[in-house]
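Input sequences plus hints: build the corresponding full structure.
The sequence shown begins at 1 in the UniProt record's numbering and counts up one residue at a time.
No lab work stands behind these hints, which were simulated from the structure alone.
With a straight-line Cα cutoff of 20 angstroms, these simulated SDA-like cross-link-like pairs (lysine to any residue) come out: (1) Lys60 with Ile71; (2) Lys44 with Met24; (3) Lys44 with Ala4; (4) Lys44 with Ile2; (5) Lys60 with Ile82; (6) Lys60 with Lys70; (7) Lys44 with Asp3; (8) Lys44 with Met54; (9) Lys44 with Phe17; (10) Lys60 with Pro83; (11) Lys44 with Tyr19; (12) Lys44 with Asp5; (13) Lys70 with Ile57; (14) Lys70 with Asn59; (15) Lys60 with Ile73; (16) Lys44 with Val23; (17) Lys60 with Ser84; (18) Lys44 with Ile20; (19) Lys60 with Ile81; (20) Lys60 with Val86; (21) Lys70 with Ala58; (22) Lys60 with Tyr74.
Pair by pair, the computed Cβ-Cβ distance ranges are: (23) Val45 with Ser84: 18 to 26 angstroms; (24) Leu72 with Tyr19: 26 to 34 angstroms; (25) Ser85 with Gly35: 42 to 50 angstroms; (26) Gln55 with Asp6: 18 to 26 angstroms; (27) Ile64 with Ile34: 30 to 38 angstroms; (28) Ser84 with Val23: 28 to 36 angstroms; (29) Ile73 with Pro21: 29 to 37 angstroms; (30) Thr38 with Asp79: 27 to 35 angstroms; (31) Ala62 with His28: 40 to 48 angstroms; (32) Asp14 with Lys44: 19 to 27 angstroms; (33) Tyr7 with Ile57: 17 to 25 angstroms; (34) Ser84 with Phe12: 17 to 25 angstroms; (35) Phe12 with Leu49: 19 to 27 angstroms; (36) Glu27 with Leu49: 29 to 37 angstroms.
All residues carry an ideal CB built from backbone N, CA and C; glycine is no exception.
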Amino acid sequence: MIDADDYLRTDFPDDYFYYIPWVMASEHRRQIHIGNMTYNDGEKVQIDLQDDAMQSIANKVAMIANNDYKILIYNGLLDVIIPSSVTM
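In C-alpha cells, the structure reads:
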C-alpha cells in the first residue's frame, strides 16, 4: 500500500508530484511569499504522528458531543486511517 487515503492506489500517476518543481522555482516562491523556506513533503509530520494513529478518542468525542459543541468528522470510503465503517 502506498497511499493511506486510497488503498486501491498501487502507483502514483506520472503527474502526481508536478507541483514540486513549480514550488521550487524562484519566481513562484516569490509570488506565493515563501521566500527561502525549505520545501517539506509532510513525511516528517506523518512519522511524528505515527504514535497517535489507531488511538481511541471516543472519550474526547463523547465529551464534545455531551457539551453541545458542533463537530464534523470527515472521512473517505477508501481511507485506511479513518474508514467510514468505524465512524458510523
